[in-house]
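J.: Chain by chain, the residues:
2 protein chains.
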Amino acid sequence: MYYAAPVAILIDELTKLPGIGPKSAQRLAFYLLKISPENAKDLADAIMNVKDKIGFCNVCFNITEGDMCELCCDFDRDDSLICVVEEPRDIIAIEKTSSFKGRYHVLGGAISPIDGIGPDDLKIRELLDRLKDEKVKEIVIATNPNIEGEATAMYLAKLVKPLGVKVTRIASGLPVGGDLEYADEVTLGKALEGRREM
Amino acid sequence: MYYAAPVAILIDELTKLPGIGPKSAQRLAFYLLKISPENAKDLADAIMNVKDKIGFCNVCFNITEGDMCELCCDFDRDDSLICVVEEPRDIIAIEKTSSFKGRYHVLGGAISPIDGIGPDDLKIRELLDRLKDEKVKEIVIATNPNIEGEATAMYLAKLVKPLGVKVTRIASGLPVGGDLEYADEVTLGKALEGRREM
Numbered sequence: 001m002y003y004a005a006p007v008a009i010l011i012d013e014l015t016k017l018p019g020i021g022p023k024s025a026q027r028l029a030f031y032l033l034k035i036s037p038e039n040a041k042d043l044a045d046a047i048m049n050v051k052d053k054i055g056f057c058n059v060c061f062n063i064t065e066g067d068m069c070e071l072c073c074d075f076d077r078d079d080s081l082i083c084v085v086e087e088p089r090d091i092i093a094i095e096k097t098s099s100f101k102g103r104y105h106v107l108g109g110a111i112s113p114i115d116g117i118g119p120d121d122l123k124i125r126e127l128l129d130r131l132k133d134e135k136v137k138e139i140v141i142a143t144n145p146n147i148e149g150e151a152t153a154m155y156l157a158k159l160v161k162p163l164g165v166k167v168t169r170i171a172s173g174l175p176v177g178g179d180l181e182y183a184d185e186v187t188l189g190k191a192l193e194g195r196r197e198m
Numbered sequence: 001m002y003y004a005a006p007v008a009i010l011i012d013e014l015t016k017l018p019g020i021g022p023k024s025a026q027r028l029a030f031y032l033l034k035i036s037p038e039n040a041k042d043l044a045d046a047i048m049n050v051k052d053k054i055g056f057c058n059v060c061f062n063i064t065e066g067d068m069c070e071l072c073c074d075f076d077r078d079d080s081l082i083c084v085v086e087e088p089r090d091i092i093a094i095e096k097t098s099s100f101k102g103r104y105h106v107l108g109g110a111i112s113p114i115d116g117i118g119p120d121d122l123k124i125r126e127l128l129d130r131l132k133d134e135k136v137k138e139i140v141i142a143t144n145p146n147i148e149g150e151a152t153a154m155y156l157a158k159l160v161k162p163l164g165v166k167v168t169r170i171a172s173g174l175p176v177g178g179d180l181e182y183a184d185e186v187t188l189g190k191a192l193e194g195r196r197e198m
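Just so you know, the sequences run in chain order A and B.
Residue numbering for the first sequence follows my numbering, beginning at 1 and increasing consecutively.
Residue numbering for the second sequence follows my numbering, beginning at 1 and increasing consecutively.
To be clear, the hints were calculated from the coordinates, so they are not data collected in a lab.
The list treats identical chains as interchangeable, and a pair is accepted whether it falls inside one copy or across any two copies.
Derived pair list, reagent style EDC-like, types lysine to aspartate or glutamate, alpha-carbon separation capped at 16 angstroms:
#1 166 <-> 79
#2 16 <-> 38
#3 34 <-> 86
Between the sequences and the hints, there should be enough to build the whole structure, so can you do that?
T.: See the structure below:
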């Protein structure tokens, strides 16, 4: 027994979403079949609306409704500091900490030869263009602390240092509230390596 | 920092989906922002299409493109046997086994006082109407083997038995390929209780 074509197409489309396998897609599809047409339309409209209205900031490549994002438009932020992240969602995470008041730059991913993503696929040239502006004194590389993120950080450091701009990397170490006993060796090693005087 | 309105609305809509929490919704939203407008439109269209074209079978309440589902239209199936399930997706699961050639009846859920679902919210009256047809000799209750499913099965058995129709329940026991050592007590108890002569 097969699904009717519209159901099969919906399951197929849902399976393309990240973290949604065939089983989850089937569950979501049946849920969508069950809810009212109005509620389903709200979701479909929200998807189309976001594609219509949201684009990328001309300066930092964060998501934005206009040409420039609110963070790039904010005159109170420190122009001498740029935090480099992989994705727009990383900006949200950093903004939630309230510990950074500089500018941002979204690369749009990390260097990953396995996935066929090289430096040219990221907004690295655009970052270098921004650094030509003498105001920038430091870039904080906040790519993820995994293989791809580290490789990207190293690649950027090599490119940016010769321009006379200070390059820093966010600290790796034990999560706050974590337990030494349960930390993996690599994290614990990084925590020791990055120890600071009290 | 807050999300732009269209992004916030999309995250809100995605959070309504079953099994999608705020973090997953955010990840999905950023994914949808990243893909091409055509691909996003394919998903939105698939959602609307399924609501436009798919309804419920007049007889068994399975999902269908027409008035009657393909299983109710199939003359080769056994009219004397009706398998009662909670949801249309359960039909797919049973059809995959190829061990049932009767008809189906979808209740649209299970009795669950906590969720405010009583017998009147399910297609029970419609099932009783179908049983008035003298052809039906047995109903196989295949609701889920959890509290709500068992309660529903017992409620149905009490209603249907007086009509002179045989009522059976799918077996509970150890999953094939499972391990006695790791089975929970209730399942193992059910497996012993339902033992069959070899």
